[in-house]
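Engineer: This is what each chain is made of:
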Amino acid sequence: MHLVNVAQAAQGTQFEAPGPGDFEFAPFLGGSAFLTKPTLIIVLGSLAIAVLFWLAARRASLVPDKGQFIGESVYGFVRDTIVGDTIGREGRAFVPYLTTLFCFIAVLNLSGIIPVLQFPATSKIGVPLFLALVSWVIFNYVGIRRHGFLGYFKAMMFPPGLPKLIYVLLAPLEFFSTVIIRPITLTLRLTLNMFAGHLVLLVCILGGEFLLVEKGGVLAALSIVPFGFSIVLTFFEAFVQVLQAYVFVLLSALYIAGALADEH
Amino acid sequence: MQTLATVLAAEGAPNPLLPHVSEIIVGAVAFTLLLLFLKSKVFPVFERVYAERHDAIEGGMERAKRLEEEAKQTLEQYREQLAEARHEAARLREEAREQGAVIIAEMREQAQAEARRLTAAAHQQIEADKAAALAQLRIHVGTLATELASRIVGEVLQDDERQRAVVDRFLDGLEAEATAAAAAGSATVGAAGEASTSRGGAGRGAGGS
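Protein chains in written order, with our numbering: chain W, 139 to 402; chain L, 45 to 253.
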């Protein structure tokens with residue numbers, strides 16, 4: 139480490155592109171691994187959601203005030219738009235989970251563009267992995283409860299109305315895609331979207347900073363280009379972050395709906 | 045060599061696909077607590093408000109519909125009752141008319157019966173009077189005839205003047221007698237009847253002689 143630093147100092151103005159290392163944080167105050175920036179963001183984000191919803195529901199009335207309206211809108215969006223269109227009426231039981239899931243992911247995604255925090259906690263694979271596993275457990279559980287253990291896998295792997303020979307190919311594929319691929323894609327889609335988005339923002343901001351601080355003159359003036367990009371990308375990131383939360387929840391709802399359906 | 049390896053290891057980029065256990069645990073605990081809190085404290089409130097709002101809107105419409113239905117039914121009932129009442133009134137009028145006709149017919153019948161009864165009584169009275177008069181007449185006619193004959197024979201009948209005078213006198217006497225008898229009689233009708241009968245009787249008696 140010392141060697142490298144010395145080498146860089148010797149080279150003077152070498153831009154070091156941000157990489158996966160920028161997603162690792164040292165524990166605060168030399169404490170345990172539980173006290174890092176990502177975990178702090180997870181706790182703060184959860185607290186923020188809880189407090190905002192509590193404020194929204196505290197004086198709930200027939201005619202909502204602004205806070206209640208927003209809270210209801212989020213809840214109603216998951217309840218009616220996502221669950222209503224995928225699972226239908228019997229999806230009511232999953233609305234609390236899916237709404238919490240949506241808010242949790244959205245807030246931890248958006249922490250990537252919230253000043254001071256400026257790190258999407260969901261780009262740490264542990265968070266999406268856990269959530270994907272919960273969704274995986276839920277949709278497999280309701281499927282088995284609905285169809286029985288064998289019935290569930292039979293419905294999954296042997297959709298009726300196909301030539302016998304096809305099943306040789308289809309059955310393992312269906313099993314693989316449903317049981318193994320689904321949680322992996324759920325996890326990776328979210329993690330890598332956040333990871334990549336944050337990395338691009340880092341490149342723009344750190345690049346602009348490098349031009350402004352380390353170079354100077356014409357190049358310093360050019361730093362306006364990456365800085366401008368970083369602002370545009372921040373808005374784009376906000377869109378992607380909400381969209382990815384929506385996609386995660388929508389897919390979870392679709393998986394549950396598929397497990398509950400009589401035929402795949 | 046040893047140093048290089050450590051440097052490389054330190055420099056080697058961390059794999060973003062390897063989860064940190066601490067982050068999984070913190071994420072799991074935070075998410076679970078958040079879910080429990082929202083599920084118990086927040087979402088039921090929203091559901092309740094949804095239900096209340098739905099009830100306020102839909103329920104209001106349902107109530108209005110029900111009231112309209114009720115009003116319609118009541119109107120129908122009133123119309124039926126009105127029609128019934130009209131029918132009843134018409135029936136009562138008809139009945140009264142029939143009863144009136146019956147009463148009038150009965151009254152007429154009674155009046156006719158009464159009239160017939162009176163007529164019959166009058167006839168009987170007349171018959172009785174006539175019989176009484178005849179009986180009386182029968183008693184008087186003999187004596188009268190004898191008296192008349194004796195007077196006619198007793199006087200010389202020279203001319204018609206005298207003869208007429210005798211007859212007139214006789215009749216006057218007869219009339220005077222009849223008046224006396226009438227005064228003695230109780231009923232005026234009876235007296236008149238008696239008078240007329242005695243005059244008739246006298247006439248017949250005169251004719252007979």
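It is worth saying that the hints were derived from the structure and are not from the lab.
Any given hint could turn out to be false.
As a list, the in silico EDC-like pairs of lysine to aspartate or glutamate whose alpha-carbon atoms are at most 20 Å apart [to be verified]: (1) L:K83 - W:E210; (2) L:K85 - W:E352; (3) L:K85 - L:E102; (4) L:K174 - L:E120; (5) L:K109 - L:E91; (6) W:K204 - L:E219; (7) L:K83 - W:D218; (8) L:K85 - W:D400; (9) L:K116 - L:E128; (10) W:K204 - L:E138; (11) L:K174 - L:E219; (12) L:K83 - L:E102; (13) W:K292 - W:D400; (14) L:K109 - L:E96; (15) L:K174 - L:E158; (16) W:K204 - W:E228; (17) W:K175 - W:D203; (18) W:K302 - W:E312; (19) W:K353 - W:D218; (20) W:K204 - W:D223; (21) L:K83 - W:E347.
Small disclaimer: the values here were computed from a predicted structure and weren't measured.
Engineer: Can the restraint linking K116 (chain L) and E128 (chain L) be considered satisfied, given a maximum Cα separation of 20 Å?
Structural biologist: 18 Å, holds
Engineer: Does K85 (chain L) pair with E352 (chain W) here, judged by a C-alpha cut-off of 20 Å?
Structural biologist: At roughly 53 Å apart (the allowed maximum being 20 Å), E352 (chain W) and K85 (chain L) break the hint.
Engineer: Would the pair K204 (chain W) and E228 (chain W) pass a check requiring their Cα atoms to be no farther apart than 20 Å?
Structural biologist: Violated, at about 30 Å.
Engineer: Keeping to a limit of 20 Å between CA atoms, is the pair of K85 (chain L) and D400 (chain W) held or broken?
Structural biologist: Given pair K85 (chain L), D400 (chain W) is violated - Cα atoms ~34 Å apart, limit 20 Å.
Engineer: Is K83 (chain L) close enough to D218 (chain W), meaning Cα to Cα at most 20 Å?
Structural biologist: Within the cut-off at roughly 17 Å; holds.
Engineer: Would the hint linking K302 (chain W) and E312 (chain W) be met if the CA-CA limit is 20 Å?
Structural biologist: Measuring from Cα to Cα gives roughly 15 Å; hence the hint holds.
Engineer: Hinted pair, alpha-carbon criterion (20 Å max): K83 (chain L), E102 (chain L). Please report holds or violated.
Structural biologist: 26 Å, violated
Engineer: Please work out if K174 (chain L) and E158 (chain L) have their alpha carbons no farther apart than 20 Å.
Structural biologist: Given that 20 Å is the threshold and the Cα spacing comes to 24 Å, the pair is violated.
Engineer: Holds or violated: are the alpha carbons of K109 (chain L) and E96 (chain L) at most 20 Å from each other?
Structural biologist: 19 Å, holds
Engineer: Assess, step by step, whether the Cα of K174 (chain L) is no farther than 20 Å from the Cα of E120 (chain L), and give holds or violated.
Structural biologist: 80 Å, violated
Engineer: Given the hinted pair K175 (chain W) and D203 (chain W), is their alpha-carbon gap at most 20 Å?
Structural biologist: 34 Å, violated
Engineer: K292 (chain W) and D400 (chain W): Cα distance at most 20 Å?
Structural biologist: The hint holds at about 11 Å.
Checked against the numbered hints given earlier, the structure breaks hints 2, 3, 4, 5, 6, 8, 10, 12, 15, 16, 17, 19, 20, 21 and satisfies all the rest.
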